[in-house]
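Peer 1: These are the residues of each chain, in order.
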Amino acid sequence: MIVLDNVSKTYRSWRGPGVRAVSNVTLELKRGEVLGIAGPNGAGKSTLIAMLLGMLTPDEGELTIDGMPPRRYVERNGVAYLPELMTWPLTWRSDEALKRMAVLAGIPAERRDAEIERVIEAVGIGEHRRKKLKALSKGNLQRVGLAHALLADRAMVIFDEPTHGLDPVWTARFRDIVAGIRRADRAVLIASHNLDELERLCDRVAIVDRGAIQRVVEVRTDAGITAARRWRIRVTQAPDAVAAAFEGATFNGMDVECTADVAGLNAGLATAINAGALVVAVAPAESSLEEAFRSAVTLR
Amino acid sequence: MTLATLRAYAPWQLRELVPRAFVSVAMFIVFAGIPVFATMHAQRNNPDFDPNALGKILKMVYVGVTPLCLTLGAFLFMTRSIAEDRERNYVRFIFSHPVSPVPFYLNRFVAGLALFTLCFLPVPLVVRYYFGADVPVLGTVVAKLATLVLIGGLTTLCAALTAKDGLALILVYMGTQLLQQLSAQGILYEWLQPIVRGLPPVESLKLVVKSLIEGTDWPVTDLVHVFGYGIGLLVAGLLVIRRAPLVR
Chain G
1 MIVLDNVSKT YRSWRGPGVR AVSNVTLELK RGEVLGIAGP NGAGKSTLIA
51 MLLGMLTPDE GELTIDGMPP RRYVERNGVA YLPELMTWPL TWRSDEALKR
101 MAVLAGIPAE RRDAEIERVI EAVGIGEHRR KKLKALSKGN LQRVGLAHAL
151 LADRAMVIFD EPTHGLDPVW TARFRDIVAG IRRADRAVLI ASHNLDELER
201 LCDRVAIVDR GAIQRVVEVR TDAGITAARR WRIRVTQAPD AVAAAFEGAT
251 FNGMDVECTA DVAGLNAGLA TAINAGALVV AVAPAESSLE EAFRSAVTLR
Chain V
301 MTLATLRAYA PWQLRELVPR AFVSVAMFIV FAGIPVFATM HAQRNNPDFD
351 PNALGKILKM VYVGVTPLCL TLGAFLFMTR SIAEDRERNY VRFIFSHPVS
401 PVPFYLNRFV AGLALFTLCF LPVPLVVRYY FGADVPVLGT VVAKLATLVL
451 IGGLTTLCAA LTAKDGLALI LVYMGTQLLQ QLSAQGILYE WLQPIVRGLP
501 PVESLKLVVK SLIEGTDWPV TDLVHVFGYG IGLLVAGLLV IRRAPLVR
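Protein chains in written order, with this note's numbering: chain G, 1 to 300; chain V, 301 to 548.
In isolation and in its complexed conformation, chain G is listed as follows:
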């Protein structure tokens, strides 16, 4: 559905050499897929999204959505979009803002009120519907933005930092919403700093740094699970027995950290349990996405 072929974008400046915000990005997003974009601040995520919405044009390379330039695609079909910051005029009321956007979304007059009710219900802002946006908390404002993104049935969905400002309850609810909108004919793109969120929601995550894609991690497959990785093991007795079962393991109180593949982990645990250890929990010290992110992104 979305094809980026060697896309680059440089912000030019009268006073200096300009900033290359996106550099030779090649990526494909198919229908039915949820793709994450992860990267530090200034990595080029927002520029990439602006180009996908057709609001910026690449200097080099080609970007197409269903074979069309993005602006033409958006003008014909629209995109469900939640931006990083909700910048609507704060004097608008929540329901009024949604009504305006429903008009622009092309929702017929006879269905407009019902659709607005549906999204208000979906994001739980019923009690805030008559409030002006300036009276809403950051989380509630973000939920109004989410309601806006869910207003119309679109084949392309873009969420930019979707859980920014949401409390843990609504962060979890957001995952259900994304699970609900996942569809065979729909492509979803989520840009976020939250790696845990991306790991739970996406099929693949593209790690972007300094304008370029450093790595694309498959998070929905078993790839990488059997590889050696760092584990955290919690015990209630004999942590030294666990540490002794793994080469190079360290322990602090009742927590042991070691490196092993899945087979080695199980063998080591069996040895430790036989030696008197009582294991309470075993978990990866960091997710495969975190590991990939850490090795792909240069610290600045």
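These aren't lab readings, by the way, just hints derived from the structure by calculation. You can trust all of the hints, since none of them are fake.
On the chain G side, residues computed to face chain V include the following (Cβ under 7 angstroms):
#: 1; residue: E75
#: 2; residue: V79
#: 3; residue: Y81
Remember, it's a predicted structure, so these values are computed and weren't measured experimentally. For each residue, glycine too, the CB sits at the ideal point set by N, CA and C.
Could you slot chain V onto chain G? The hints should help.
Peer 2: Below, chain V without anything else, positioned relative to chain G:
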């Protein structure tokens, strides 16, 4: 984007424009009201003062004040509209829907033109029919339209090209006015004359507005020039908006 969408969204666009549209009326009330009230107050104990003179005073003040109110009103009405959509990132919301910027901004321009003209309409009507001053109603409406079309077209182009549309508009408007005045006085380099002739017809607009508000003449040629140039600027601005990035 369908016409039905544009029609349905027009009331929202009008709501945003209403406060700005009344600026020229407020300016008229202040600029015309103060001198007229002061005159009437000063003459209240003068037995020789002719009460019918009020109409003449009002007409004099109307002719003097209205062009200023129309020009300043059009400046304040048009600037920061498109530029603000960009600056505050409203464009990201608006144009993620199946909406094309050209019909969207054209719709806002036409709705604004109608609103701006309608809001000022009570001024000549009240001055003429309530206070009895001989001021032209139709002439004022046309003067208002001509002012907004030229300044609006210029602002649209400035907003399409730069983030500081207000500053760009003032510089272009004042610069053009100065050059055209120098040209009219014959104290401009010869090679500059064709350039000045190609600039927005700011001096023609002044003459058109003056004639229409005084009710002396209908300068059709100048009127066509002003409307034509204003529409040309508007089309150029919309084409730039179509081609240029929506976000900066």
